[in-house]
Structure formats: structure tokens, C-alpha cells
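> Chain by chain, the residues:
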Amino acid sequence: MERYDIAIIGTGPAGLSAAITAKVRNKKILLIGSALSSDKVVKAHTIQNYLGLPSVSGADLGAAFINHIKEMDIKITEDKVTLIYPMGEYFAMQAAGGNYEADAVILATGVTAGKPYPGEEEFLGRGVSYCATCDAALYKGANVAIIGFSQKEEAEVDFMTEYAAHVTYFPMYKEEVHVKDGVKVLYEKPESISGTGFKADTLKTKENTYSFDGIFILRDSVSPKQLVPGLEMDGSHVKVARDLSTNVPGCFACGDIAGKPYQYIKSAGEGNVAALSAVSYLDEKRRARSNI
Amino acid sequence: MAVITITESNFEQEVLKSDKPVLVDFWASWCGPCKMLSPVVDEIAEATPSIKVGKVNVDEEGGLAQQFKVMSIPTLIFFKDGKVANQTIGVQPKAVIEQMINS
Chain P
1 MERYDIAIIG TGPAGLSAAI TAKVRNKKIL LIGSALSSDK VVKAHTIQNY
51 LGLPSVSGAD LGAAFINHIK EMDIKITEDK VTLIYPMGEY FAMQAAGGNY
101 EADAVILATG VTAGKPYPGE EEFLGRGVSY CATCDAALYK GANVAIIGFS
151 QKEEAEVDFM TEYAAHVTYF PMYKEEVHVK DGVKVLYEKP ESISGTGFKA
201 DTLKTKENTY SFDGIFILRD SVSPKQLVPG LEMDGSHVKV ARDLSTNVPG
251 CFACGDIAGK PYQYIKSAGE GNVAALSAVS YLDEKRRARS NI
Chain W
1 MAVITITESN FEQEVLKSDK PVLVDFWASW CGPCKMLSPV VDEIAEATPS
51 IKVGKVNVDE EGGLAQQFKV MSIPTLIFFK DGKVANQTIG VQPKAVIEQM
101 INS
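Protein chains in written order, with this note's numbering: chain P, 1 to 292; chain W, 1 to 103.
No lab work stands behind these hints, which were simulated from the structure alone. The structure displayed is predicted, hence computed values, not measured ones. There could be a bad hint or two in this list.
Short derived list, chain P residues pointing at chain W, Cβ under 7 Å [to be verified]:
no.: 1; residue: His45
no.: 2; residue: Thr46
no.: 3; residue: Asn49
no.: 4; residue: Tyr50
no.: 5; residue: Gly52
no.: 6; residue: Leu83
no.: 7; residue: Gly125
no.: 8; residue: Arg126
no.: 9; residue: Cys134
no.: 10; residue: Met233
Below, in silico cross-link-like pairs of lysine-lysine (DSSO-like), each with a Cα-Cα straight-line distance of 27 Å or less [stated by the list, open to error]:
no.: 11; chain 1: P; residue 1: Lys225; chain 2: W; residue 2: Lys69
no.: 12; chain 1: P; residue 1: Lys180; chain 2: P; residue 2: Lys225
no.: 13; chain 1: W; residue 1: Lys55; chain 2: P; residue 2: Lys140
no.: 14; chain 1: P; residue 1: Lys80; chain 2: W; residue 2: Lys69
no.: 15; chain 1: P; residue 1: Lys199; chain 2: W; residue 2: Lys35
no.: 16; chain 1: P; residue 1: Lys239; chain 2: W; residue 2: Lys94
no.: 17; chain 1: P; residue 1: Lys199; chain 2: W; residue 2: Lys69
no.: 18; chain 1: P; residue 1: Lys140; chain 2: W; residue 2: Lys69
no.: 19; chain 1: P; residue 1: Lys285; chain 2: P; residue 2: Lys204
no.: 20; chain 1: P; residue 1: Lys225; chain 2: W; residue 2: Lys83
no.: 21; chain 1: W; residue 1: Lys94; chain 2: P; residue 2: Lys225
no.: 22; chain 1: P; residue 1: Lys40; chain 2: P; residue 2: Lys115
no.: 23; chain 1: P; residue 1: Lys152; chain 2: W; residue 2: Lys17
no.: 24; chain 1: W; residue 1: Lys83; chain 2: P; residue 2: Lys204
no.: 25; chain 1: W; residue 1: Lys20; chain 2: P; residue 2: Lys225
no.: 26; chain 1: W; residue 1: Lys20; chain 2: P; residue 2: Lys199
no.: 27; chain 1: W; residue 1: Lys35; chain 2: P; residue 2: Lys140
no.: 28; chain 1: P; residue 1: Lys80; chain 2: W; residue 2: Lys94
no.: 29; chain 1: P; residue 1: Lys285; chain 2: W; residue 2: Lys94
no.: 30; chain 1: P; residue 1: Lys204; chain 2: W; residue 2: Lys69
Calculated Cβ distances over 10 Å to all of chain W for the following chain P residues [stated by the list, open to error]:
no.: 31; residue: Met1
no.: 32; residue: Ser57
no.: 33; residue: Ser129
no.: 34; residue: Asp135
no.: 35; residue: Leu138
no.: 36; residue: Glu156
no.: 37; residue: Lys189
no.: 38; residue: Glu191
no.: 39; residue: Asp220
no.: 40; residue: Tyr262
Note that CB positions come from ideal geometry on N, CA and C, so glycine has one too.
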């Protein structure tokens, strides 16, 4: 498999800025995210404190970012990374569109809006799951709930019907729902998950309380802790040092995911720092290797 | 040591009656995270002659998965003297797995 020097996840100001600096330093980079920069940028009304661009609209700022990226001949890979696993010498990444490998990783995915439900993390792997395709077969003949945060999860719902006896779907989006006949669709807002002893068995919504054998939660973005196993957090942010390194060697974080304040220019600045730190990490690694 | 395939028919012999502790990886072919974890489990098998390492395909061995209440894969269960000594759910860093088999 093709091995990149640095994989950069996210195309907001932090990720794009990291990509530009890494490119200037002649690294082989993989930049993954939306080709139009982040929604948080392009949907902003006006930004008044971005250096050199007084009173710029989010749409114009986003377009300027993308022009810069194009001028530097940097490609954006539109994909969604679901797991980044430190293999020791490198990182293996699993994405919707395939697998990737890189020597260093920069996380610039922004802050995840979705907070876990009470009980969700406690019962993860014990009745609560984030991967329907992985765990469907373990729920043969069971009564299963799926909470889906976007239309594309409907395929997972249909897949689940091949195993579970009863599937109840809670769509958390406004678009019309198309799932197989037999799936019970409930337009209720889940509030908490609870269980008895070892296993989760109850889902409470605003309106009712239901019993299930398994509860699947399919969100658009996974939390950093789920994305990189072993990653240390500081509240809802990734814990970083001054050089934006994390507790996982070779993994750096920048922008909103690394902490407040949530400002575009702070994110862009941090992208630069994270890229330079990643470059130093690669240099040191190469030196250590040649000394063996 | 080579990784062995554990089935319901050899489970008692290979795991419960094993003279060495056994690390068992519950996986399935369609499970992406399992594929990420698998080479690391292989590396540990290679580097740790003091233990035995086995894999259970939950698709073929649903009974074993049920018996050990495996509800999410990948799940790793570490057996010592025929008993569950420790277990991890989901993809774990190599260091966490090493800690589990050394503690």
C-alpha cells in the first residue's frame, strides 16, 4: 500500500494550513476532508479578525483557502476516516472509501457537536455498538434499536434486518426515511441508555421507555477517542502539548479539536505548528532508523 | 507462535486445557476494525512464545461468541488456567493488549 509521510484529517483552516506547510517542507501528504473546506468556514456570515482580509465573508474566505490549496497543487481526498490505528511504526487508517497508511497523522476534524447519551460510553460493547456491519451477526433474532444521524445510515438499518428479529429506527435528521418494510420507525428523541448489571437493555426517549437487546448509535463523526484508540483527552478536546503533539507518538492535533478559542486564525496558526512538529517527528524517526 | 483457529470442537482442548495462557481474538471477515487489529494480534503471537493465540470467527462460531457474551467485535479475551482473566472490546493500542497479557 502507498505510504504517505503525513495524513491530515480535516479541511478547515487548521487542516488546510497544515497541508500547505507540509507541502512547502516537501512531504508526501494525504489530505482528507470536504473539497469545499469546512461548513463552519463557508457558512460564516462575516469574519473580521482574519489577518489581511478585513470583513471577509465565510464563503469568500473558504474560496480563498481552496484557491491557495489548488495553487500549491495539493489534492483533497473526499473520504471519511473512521479509525486511525497506531501500528507502532506507522498509522493504518480505515475510511469509507478504502484504507490508507501514513508515518504521521494530524487531526484537524473540528469539534464534534454530538455529546454521548448518558450510559452510552458505560455500555459500549455491552449492548451499545457504533458499527452495525461489525456486530449485526451477534444480534441474530434479537430486538434492536438503531439511532441514525444521517440518511446514509439507512443502508445499515436494512442490513440489520437480515439478522435481528425486530429493528426499531430512530432517525435524527429531517430528510425522508426510506428503510425496508418491517422496520419500525419512531420519530422520538433518545435521551439516555441504561441497563441491568452487565448489559444495556433500556432506551429512554423524551416520550417513552423501551426495552432492547442492542442499541446501535450511528453518528456522522466519531469522537477523537474512538477515532484513535488510546488517545488522551482533556474534556471534549484532544490533550496536546505546546508543539501540538498528543500522547500517541506521531499523532498531532490542531484547530478546534485541540481546544478553545474557536477562531479561524488560531486554527490556521495551529495547523502550521502541527505540520512543523510532524516534520520534526519524521526527521527524528529517519535519523533514529539510519543509526541502527 | 502460529495463530490457531479456534472452533467449538477444539475449544476445550486448545483453550480450557491449555498449559499456556491463551489470547483469543473474536472477529469476522466483514468487520473493518477487526482487520486493523488482526496484524497486531499476529505480531503479539510472534513475539510472545509464553502464550498461545487463537482466533474465533463469530460468524461460524456463534455459540462461542454467545457463551462468552461477545456483543461487539473485535473482542479479545485472555484465558488463564481455563478461566477468563481479562478482556478488551474494540480496537485497542498494542500496549494495552501487551499489558493485558502481562498483568
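> Does each hint hold? Answer for all of them.
We went through each hint and held it up to the structure:
1. His45: violated (39 Å)
2. Thr46: violated (42 Å)
3. Asn49: violated (39 Å)
4. Tyr50: For P:Tyr50, the interface hint is violated, since the closest Cβ of chain W sits about 38 Å away, which is over 7 Å.
5. Gly52: It is violated, given that the least Cβ distance between P:Gly52 and chain W is near 42 Å, above 7 Å.
6. Leu83: Since the shortest Cβ distance to chain W is 6 Å, the answer is holds.
7. Gly125: Nearest chain W Cβ about 3 Å off; hint holds.
8. Arg126: holds (6 Å)
9. Cys134: Result: holds, 4 Å to nearest chain W Cβ.
10. Met233: violated (14 Å)
11. P:Lys225 with W:Lys69: Roughly 24 Å separates the two Cα atoms, so the pair holds.
12. P:Lys180 with P:Lys225: violated (33 Å)
13. W:Lys55 with P:Lys140: OK: W:Lys55 and P:Lys140 at ~21 Å, within 27 Å.
14. P:Lys80 with W:Lys69: With Cα atoms ~31 Å apart, P:Lys80 and W:Lys69 exceed 27 Å; violated.
15. P:Lys199 with W:Lys35: Distance of about 26 Å is within 27 Å: holds.
16. P:Lys239 with W:Lys94: Judged against 27 Å, a Cα distance of about 20 Å means the pair holds.
17. P:Lys199 with W:Lys69: Roughly 10 Å between the alpha carbons, so the hint for P:Lys199 and W:Lys69 holds.
18. P:Lys140 with W:Lys69: Roughly 13 Å between the alpha carbons, so the hint for P:Lys140 and W:Lys69 holds.
19. P:Lys285 with P:Lys204: violated (50 Å)
20. P:Lys225 with W:Lys83: violated (30 Å)
21. W:Lys94 with P:Lys225: This hinted pair holds, its Cα atoms lying about 15 Å apart.
22. P:Lys40 with P:Lys115: holds (18 Å)
23. P:Lys152 with W:Lys17: Since the Cα atoms of P:Lys152 and W:Lys17 sit roughly 47 Å apart, the hinted pair is violated (cutoff 27 Å).
24. W:Lys83 with P:Lys204: violated (36 Å)
25. W:Lys20 with P:Lys225: Judged against 27 Å, a Cα distance of about 33 Å means the pair is violated.
26. W:Lys20 with P:Lys199: violated (30 Å)
27. W:Lys35 with P:Lys140: holds (22 Å)
28. P:Lys80 with W:Lys94: Holds - the C-alpha atoms of W:Lys94 and P:Lys80 are around 24 Å apart, at most 27 Å.
29. P:Lys285 with W:Lys94: holds (19 Å)
30. P:Lys204 with W:Lys69: This hinted pair holds, its Cα atoms lying about 24 Å apart.
31. Met1: holds (12 Å)
32. Ser57: It holds; P:Ser57 is separated from chain W by about 39 Å at its closest Cβ, greater than 10 Å.
33. Ser129: violated (5 Å)
34. Asp135: Non-interface label fails for P:Asp135: nearest chain W Cβ at 5 Å, not farther than 10 Å.
35. Leu138: Nearest chain W Cβ is 6 Å from P:Leu138, so the label is violated.
36. Glu156: Its Cβ never comes within 10 Å of chain W, the nearest being 12 Å, so this holds.
37. Lys189: Holds, because the least Cβ-Cβ distance between P:Lys189 and chain W comes to about 25 Å, which exceeds 10 Å.
38. Glu191: holds (22 Å)
39. Asp220: holds (17 Å)
40. Tyr262: Non-interface label on P:Tyr262 holds, nearest chain W Cβ at 29 Å vs cutoff 10 Å.
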